[in-house]
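All chains should be modelled from the sequences, with the hints used to inform the complete structure.
Number of protein chains: 2
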Amino acid sequence: MDAVDDADKLPETAINEVTSFFESAPPLTDAAETEICLKEFVDRNTSLSGINGKANRVVCVTSGGTTVPLEKQCVRYIDNFASGHRGAASTEYFLKAGYSVIFLYRRGGCQPFCSLLPDDPLLECFTVADDSIIEMDPLHAETVKKAITETRAAVADGILLKLPFTTIFEYLQILQLISASLRGLGPSAIFYLAAAVSDFYVPWESMALHKIQSASGPLDMRLAQVPKMLSVLRNEWAPMAFYISFKLETDKDILLAKADMALKKYKMHMVIANELSTRKEEVIVVTEQEKVTVRRDSTQAGAEVECPLVELVVDRHSAYIKKVDA
Amino acid sequence: MDAVDDADKLPETAINEVTSFFESAPPLTDAAETEICLKEFVDRNTSLSGINGKANRVVCVTSGGTTVPLEKQCVRYIDNFASGHRGAASTEYFLKAGYSVIFLYRRGGCQPFCSLLPDDPLLECFTVADDSIIEMDPLHAETVKKAITETRAAVADGILLKLPFTTIFEYLQILQLISASLRGLGPSAIFYLAAAVSDFYVPWESMALHKIQSASGPLDMRLAQVPKMLSVLRNEWAPMAFYISFKLETDKDILLAKADMALKKYKMHMVIANELSTRKEEVIVVTEQEKVTVRRDSTQAGAEVECPLVELVVDRHSAYIKKVDA
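Quick note, the sequences are listed as chains S and Y, same order. Numbering-wise (my numbering), the first sequence opens with residue 4 and increments by one. Numbering-wise (my numbering), the second sequence opens with residue 4 and increments by one.
Calculated from the structure, these hints are not laboratory results. Be careful, since some hints might not be right.
Which bits of chain S does chain Y cover? Going by a derived footprint, with three or more residues having C-beta under 8 Å, they are [what the hints assert, rightly or not]:
(1) 67–74
(2) 79–90
(3) 112–122
(4) 149–163
(5) 226–233
Built from N, CA and C at the ideal position, the CB exists for glycine as well.
Below, the structure written as structure tokens:
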């Protein structure tokens, strides 16, 4: 187990590891374009007076899993099961609370306002009438209308910026660009890091160029640890922001210990502890002062745990801003 | 490299490997229900007189990649990039040619009749008018209408059965059920195996129960080879069917040699050789007698390589039925 990092002196080795990760990563396509989008988005939002008096508040919500390519001309990769539901649902509640949201999501993953839609909405929500007019299945009409109108409204109002990623390389490179654009907001920015980021990867320079051949015998693979980017983000890239990270475990016994450790090691403001089997019902919010269990309102159909969770985050974020500004 | 199997004497070890793979696999949910669906589907289709005189002809099209779980309570898995486009498009052309299709597809992968839709059809094809009526974007109207009507018609006519899978365990178990249901059709059945099936897996009994912990240091993984199920399918499960398998490589230099080897080793009737970078433009069809390059009609907008490919398959399948029946 690593020692707890000191906020002001990030170990030289950690920074070197991160630098060499980025140097060896395949270059991000559209990096310049993404930077411009981010700048415009942040500029517009800092000039807004804000709904509910939440001027300047921008949250970066990350969502879904990162892939780890096993070959350069990628045929195979390691992935994880994250659907991106947590991040997509949380985005909706942050928007409702008056925040602007940068939604950094896995390509093909869940989208905000779409969680109630069936798996294949086009084929399941629409029918073609005899006169060959497309009709909406009345069962799904309200859900479909809400998904389309709310997404379009948020994007048109300039309060939602959606940026997709697939690989661990893309994710960390875009996250760095986002941190650069939010750095100037100081404590008004939140990083709500719900994405399931790979712990292990194959360094680009040691990766097989072509598809790994299935000759006889088993396949042995050695994966390197992904450098602990969270330390660098927290301490170097945007040190004044409010940080929330997530711990998912299938083994309940180690969950809280690991959440506590992450809180201290990475100096998070909140760590959200999820157990795989109950994560849609409840989460435990771990802070320096307390552990709060947040449950979805089970008396209400369709109520999601992200609703009270984001409420709690917004409350603690407001207190943090006050403290920093005082 | 293994020796070429003898058709009549499948090595004892191959059968043992397959048996132990199935014995150790997590049981398939809905196995009984899937069997009933398959039986009904095949019964209905063998009683049809067939469009274009293709009575009794059923093709099992497999599509998309299988995942390999790395943990029992699966958080991480190995996947591959297959979109499922080849299988989805081919399904359309087989239906047009008068075949009934069992479409064994990766959950979330491409669907027949949907290849021209944008990534997120619901949000990109529809708008909400001021009077809060959902309207179709005229740009996409024809594509959307076609996708919905043709899919619904094929399912309603009972000529398309869609069965989803995610893991390698599900895929191989469902494929075995399909082979049992098609065995009775003899040479009228085709297996068109376009799915990208994992070569390596972690045997269920040796799999970590919980999420693999990222302690210090690199992660070493040993993956076992997936038993060569294709031999057992070909020789034992449905020995009279017509077999087409696919070889995808990124390295052009080894592609044809590997396709030839697969043709002989697994006694395929056709092997479709794809190179990753050009696979949407052309494929090489390898048979015992010849190598035919099949190209999409580049003079026609939207023409797909699957159109002439399926035409060729249907032609050779007809010849095969004649030969067997003679």
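- prompt: When the hints from earlier in the document are held up against this structure, which numbers fail?
  reply: Of the numbered hints, all hold.
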